[in-house]
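There are 6 protein chains.
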Amino acid sequence: MAIMKHAEKKAGTLIEALPYIQEFYGKTIVVKYGGNAMINEDLKHKVMEDISLLKYVGIRPVIVHGGGPDITHFLKKVGKQSDFVSGLRVTDEETVEIAEMVLDGKVNSDIVNMLNCRGVRAVGLSGKDAGLIKARKKMATVYDEDGHTETVDIGYVGQVESVDTRILQDLLDNGYIPVVAPIGVGEDGESYNINADYVAAEIAGALHAEKLLLLTDIEGVYKDFNDKDSFISSLTVEEAKGYIKDGTISGGMIPKIEACLKSIECGTNKVHIIDGRQPHSIILELLTNSGIGTQVVK
Amino acid sequence: MAIMKHAEKKAGTLIEALPYIQEFYGKTIVVKYGGNAMINEDLKHKVMEDISLLKYVGIRPVIVHGGGPDITHFLKKVGKQSDFVSGLRVTDEETVEIAEMVLDGKVNSDIVNMLNCRGVRAVGLSGKDAGLIKARKKMATVYDEDGHTETVDIGYVGQVESVDTRILQDLLDNGYIPVVAPIGVGEDGESYNINADYVAAEIAGALHAEKLLLLTDIEGVYKDFNDKDSFISSLTVEEAKGYIKDGTISGGMIPKIEACLKSIECGTNKVHIIDGRQPHSIILELLTNSGIGTQVVK
Amino acid sequence: MAIMKHAEKKAGTLIEALPYIQEFYGKTIVVKYGGNAMINEDLKHKVMEDISLLKYVGIRPVIVHGGGPDITHFLKKVGKQSDFVSGLRVTDEETVEIAEMVLDGKVNSDIVNMLNCRGVRAVGLSGKDAGLIKARKKMATVYDEDGHTETVDIGYVGQVESVDTRILQDLLDNGYIPVVAPIGVGEDGESYNINADYVAAEIAGALHAEKLLLLTDIEGVYKDFNDKDSFISSLTVEEAKGYIKDGTISGGMIPKIEACLKSIECGTNKVHIIDGRQPHSIILELLTNSGIGTQVVK
Amino acid sequence: MAIMKHAEKKAGTLIEALPYIQEFYGKTIVVKYGGNAMINEDLKHKVMEDISLLKYVGIRPVIVHGGGPDITHFLKKVGKQSDFVSGLRVTDEETVEIAEMVLDGKVNSDIVNMLNCRGVRAVGLSGKDAGLIKARKKMATVYDEDGHTETVDIGYVGQVESVDTRILQDLLDNGYIPVVAPIGVGEDGESYNINADYVAAEIAGALHAEKLLLLTDIEGVYKDFNDKDSFISSLTVEEAKGYIKDGTISGGMIPKIEACLKSIECGTNKVHIIDGRQPHSIILELLTNSGIGTQVVK
Amino acid sequence: MAIMKHAEKKAGTLIEALPYIQEFYGKTIVVKYGGNAMINEDLKHKVMEDISLLKYVGIRPVIVHGGGPDITHFLKKVGKQSDFVSGLRVTDEETVEIAEMVLDGKVNSDIVNMLNCRGVRAVGLSGKDAGLIKARKKMATVYDEDGHTETVDIGYVGQVESVDTRILQDLLDNGYIPVVAPIGVGEDGESYNINADYVAAEIAGALHAEKLLLLTDIEGVYKDFNDKDSFISSLTVEEAKGYIKDGTISGGMIPKIEACLKSIECGTNKVHIIDGRQPHSIILELLTNSGIGTQVVK
Amino acid sequence: MAIMKHAEKKAGTLIEALPYIQEFYGKTIVVKYGGNAMINEDLKHKVMEDISLLKYVGIRPVIVHGGGPDITHFLKKVGKQSDFVSGLRVTDEETVEIAEMVLDGKVNSDIVNMLNCRGVRAVGLSGKDAGLIKARKKMATVYDEDGHTETVDIGYVGQVESVDTRILQDLLDNGYIPVVAPIGVGEDGESYNINADYVAAEIAGALHAEKLLLLTDIEGVYKDFNDKDSFISSLTVEEAKGYIKDGTISGGMIPKIEACLKSIECGTNKVHIIDGRQPHSIILELLTNSGIGTQVVK
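Chains as they are written, first to last, in UniProt numbering: chain E, 1 to 298; chain D, 1 to 298; chain A, 1 to 298; chain Z, 1 to 298; chain X, 1 to 298; chain S, 1 to 298.
Calculated directly from the structure, the hints in this document are not laboratory data. Since we're looking at a predicted model, the values are computed, not measured. By construction, the Cβ of each residue, glycine as well, lies at the ideal position given by its N, Cα and C atoms.
Each computed BS3-like pair below joins lysine-lysine, with the alpha-carbon atoms no more than 30 Å apart: (1) X:LYS137 to Z:LYS44; (2) E:LYS44 to E:LYS27; (3) E:LYS77 to S:LYS137; (4) D:LYS134 to Z:LYS27; (5) Z:LYS134 to Z:LYS241; (6) A:LYS27 to Z:LYS9; (7) D:LYS137 to A:LYS44; (8) X:LYS5 to S:LYS27; (9) X:LYS80 to Z:LYS80; (10) A:LYS5 to Z:LYS5; (11) S:LYS262 to S:LYS223; (12) Z:LYS5 to A:LYS270; (13) S:LYS245 to S:LYS270; (14) Z:LYS5 to A:LYS228; (15) D:LYS44 to D:LYS77; (16) A:LYS270 to A:LYS241; (17) A:LYS27 to Z:LYS5; (18) X:LYS80 to Z:LYS76.
Simulated DEER-style distance windows between Cβ atoms: (19) S:GLU93 to E:ASN40: 18 to 26 Å; (20) X:LYS80 to Z:ASP224: 44 to 52 Å; (21) Z:GLU41 to X:GLU161: 25 to 33 Å; (22) X:GLU161 to Z:GLY175: 20 to 28 Å; (23) Z:GLY175 to A:ASN36: 36 to 44 Å; (24) S:GLY12 to Z:GLU23: 57 to 65 Å; (25) E:HIS73 to S:THR72: 16 to 24 Å; (26) X:PRO19 to S:VAL90: 44 to 52 Å.
The shape of chain E in the complex, shown without the other chains (with noise of 0.2 Å):
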């Protein structure tokens, strides 16, 4: 008896994801992936697991990817020491030849290898695979000694130019998951380190996603960090301009922002920002009425 109510349990939960599998079928979602979840050795299955889901239930999932942590392990190896202007890390010739090496013929070949033992068809991509990312030069800003900004070339750190969403399209439309190492292609053939927020939230865009779920350390944004119950679980782009320039939003919190209004801006329907540290997180936040963390909306 108890085994029969277990397994109606088990029945529910299923049907509890009957109208998200309905919203998001043959919809298209962007998931940053970084953070904890790429460390931790069980949640980054969790997650290969979650976006395996997803496939099976008719979404069109896309993987965009960051990677510092073993960007930074490898420079050690050749003994290449870096220097960081406002937090971003000067990167000359060596160190964007390296970075790439590493995010796409390691982090990114990891996690495609990961997803096809679970038996979908995963394809590593970077920005110079047709095209995909055009970038240019992102200078870095600092604030000189009475206080003025000023603008320094930290090398090969780039924006997103423009997105060519072609093979992506395609790969899409063939059953294949399409996962993305964050480089970009300079008008000279150059390569660029670009963040992952900004790549994933472009991308988004220019997919017209639906959603694009950024995997961070925290659970979502605070009105005030330190009390718990000011946790805020959605946001329209006015208010979080408004969070931006009243300080509520602040330090760190604000790039990602940023890269979610950006993403909106270009077509994305939805941001989430959600707990990576949380396992399922994904599938906890897209098929169950447990949804997680903090959305941004138009």
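Chain E is fixed; fit chains D, A, Z, X and S onto it per the hints.
Same frame as chain E, but now just chains D, A, Z, X and S:
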């Protein structure tokens, strides 16, 4: 915390469904819908939820339904009494006309309607539509005083002569759920009322369905009906034939098992006899590892 | 020699059809089937022959049928009496249930069956199938003693709210002839019995049909019904509205003409009121220069 | 009343055509057009009407035409005289050049033009277009004084080597009516004039046509030409061979019958020899039960 | 070593073609074939090679040809003399019949044949096929003694009324090379002989061709015909009109330039007047940076 | 005049390419890219030009590349020394990780980038993408003192187990150029470094490629390497096996020839060993009659 545990359990159930979704993706599953699950209001809705879920995870369901109680109810209403021979209703022209009206114009319409309310697109069919089911008269077998068998004409009770699956394939390919009333059409255009188990069996066979699910009012097949431990969870065609011969399978179970065997012989991959009184029996059987009932395989 | 003359005459008739076949090739023609042509056995068969011929010369016919007499007959059978308000049957839950059974499970099935016997592939639909016809309650209008109008709730008598033509298009594209029973479905899944003229008018409009043919029991519209010379073979929408206003068109003709106007307004190219009592009236109208009846055009 | 009777008769003829339209729908019918029907202005137009009608009722007609009299006329015009050997024109380079100009640039163009005036879209082809007909030299057979046979080279008279049906299929699939002049092309690009009966026979065979219709100036095949009662309406291949052997079929009828046999052997389903002098002979044969002429079947 | 140098030069030429192949891939190029290149046997073959190459590198060529000399030759053969008015042949019914035979049945066939021998699949068309070119009578303009202009009826000389490109598109989409004879068809089905430059101009316009190449017997346009240094390699529509006005362009060059202007106005992207006496002028112009002739652009 | 002669020569080269373009149109050509042609900057660009040209003339190229020198360079950079057994690098986990990063994240990306700069759309793949190359461990063969052979485990050096061509086919069908790094994936998801000649051989075989071109640093196969006159321009599989047996082919040439044989056995039509040091060797071999190198055929 407890909420998070609960959420993880949900996620676990969804992940558990993954290999099944993967296995049945794009496959055709025929469901014979009948018995208690057609009478109890709560069970009815759960069956509709189950079938909608199948559709949303990429399965192609086909429903074949019975409707005996409703026919009896309406015959009574028009003051028509029925004789039965060997358990089969003697079916004169007026009776078959009413049976068809009830099955096609009421039972079938209700199922279609309940499914459509869940966002899928169901289309009702009888065997007359696009020549789906060609039928011929089925004679009843009786025993005379001396124990000799004799066949008796009981009117418009039919058996399946052939199935033209084109309308089913066209509807499935266009994303609809076909719902079939067990009415066949004879050589001269006359209607026949056919046992729904057999109709489902033949349709599943003709479609080379991945599975035929027979919703019944029993838990499955037992070696000894009084010994709950003698439950048979899997039967080969060979074994089933043996059990019928040696009397292990007897009474009303015989025609049901014979329909299973017929279906496998015609081209169905597997048949499952499941307990329609168990809520969500369909998705428990198909999408969880809490599979229930008795399976018949080649 | 006489044989040869006769043969040539035949050939002449076929050649006469040529420009019409050319004109209607691949076009959708909606036929409202009702009245005498549904009762007289000989006329019935001729209508079925006509529709089959249309299909074979490349036209896409859609049939919408009525069924009042059959409903009355069955209500009587179950001992149910009907009240009428302003000519509309007061339709309680039991009445609409029986109406649906009769229309969908008997009248519709019979038409489908007769067509299929001629080698075409017809499929029966009601407004419930794939959400074809959404409906809402239609109130009856009565006059009180003082001549004021008042609206009266007469139960499950409906009017068309919207038509979802996808199932019709899919069936037509796959070569089937859809046959539609005039049942609509309300917001809460309840059934409504709708006047077949209006259902045909709205379906023709929604399909942007080339023509709507209304089979009636009159020859067409007369300026003066007693003067056979006052026959009107063509009417513009403007003129029709004028004739209703000045009383030239009156009585039972008004709702029929209003259905015509509605249909043209919704997207139908032309509407023809033809005499269903004339054998082969459909192909005479469509494929010969012996066109009959009254046509309503923009 | 008389008008209505007349209308009904018309309708009857159209209905009579129904099973034939049904049978030939989407099928390819090759018509060998020649003889009187190409000379008499009235007959010409009726042939064009017939072929247009076939197209409009869903048949895929292909026309192969002759043109002997026009060639003779033009040769005379340029003062060129022809010798004949065993009934075949001795065809030097200048002769075949003129034959091609007449067949392709005049006769073919005229037929195409007349068809297009009837609203269909005909396209003229010769065997050179897209390599439709590969040909090789055909020798004439003569008897010397001692009754021995001898083969004589008579120039650019050809026989069909092979047929490449791709251009025909592409045109038919795009809804055109191909009209073929009986010119073949040899290995070195040289032109050959080929007997149109044989070209039609080979094309019908290569297309696996449903029927080949040979328009001739006779009523069909007689056992005894002087006894009108000895008309043969149907012949098997076996019988035809027998009749040639025993002399029942003789003279100019032999090559015609041999073309029929060849066509069936290559893949044509049925061949009909019909009297082109009978107005509308094509549709009488194909679309009415007043079938005429002699049919040759496997 | 010398061999290797030679090989590299070859490779260089192929690589030089790369950007042009890229630019014209999938584009439609109309070639007006006429003049010396149609008479000189060696040039003829080189034109055929050029057109085949275009086809093989993914370009969609359409050929429109003239044939004046052949017409004259045949008219002489049948003893028919022609009068000319303002350079246009007075064309009675017999003349146009012969012109059509020659153009369609000889010149066109020969071109088709030569192309097919190179492994492509060409199909000959005249303006009659599938109603490709509708034409109307063109009057000749003459000056009377007082210098007043007057229009004179010279018979079946036509101008393009409209072009129905469907048959061209269908053939191009199926991989064929259409070869068009400059015959148009009038309202009553009568044939017109049309100047091939104009036919090519209108067809290129109607197809929105990437380029129209006019093969002529001159090197291009000169400001001063006697000064080889005054060659004009590119002309805008504006400039061309100016040059006609100020007399820089005069005589037989005027109608050619007017055809160019007409073509651009109708939708052609660019027109090139090239010297057909230069071997391989077509591919030199299209696929190398040794472009020749005078180009006319918007 | 000289210019015109030069232009004609160019045209001649293009025309010379015609039969080859025709022959290879739509065919798949696999190019193993390695050796000097990957090091010399000028040669690199010429290879990219060649491959782009192939694509533009309708060929479907697939690139498989090596990258030994780059791997060695990076291993040195991280202070990792390699042992070699029988010429194969002993490859521990760290080594294969770096090899994969270099091959997939640097060499592959660079090739993709250079191709995309020429207007084609290349996509980089490793054997992990969509499960393209399944691999298993390859043991090294060594000789002990007594001349007996022994197999030695040298780590993550692999051989091809199977090729799943779906991702290649999908990319080719959508117009991309796949560029493949020679990394395979084992049963447990581990990476293997595989000899690129063998990867190219197996991929060509699995695709049933028209040709496999192996770019090497030799001119081809000689009977006697010191006698330039003993060059072998064509070899059958049979002959090749004989030459290996009798020692004509020896040393480093043996595995290369074995890869050729393997490829033909798997389904490749022809294999060509060509000299990558010759500029434009690919198009010289494929598109001119200055074919170079040694061809191996069935």
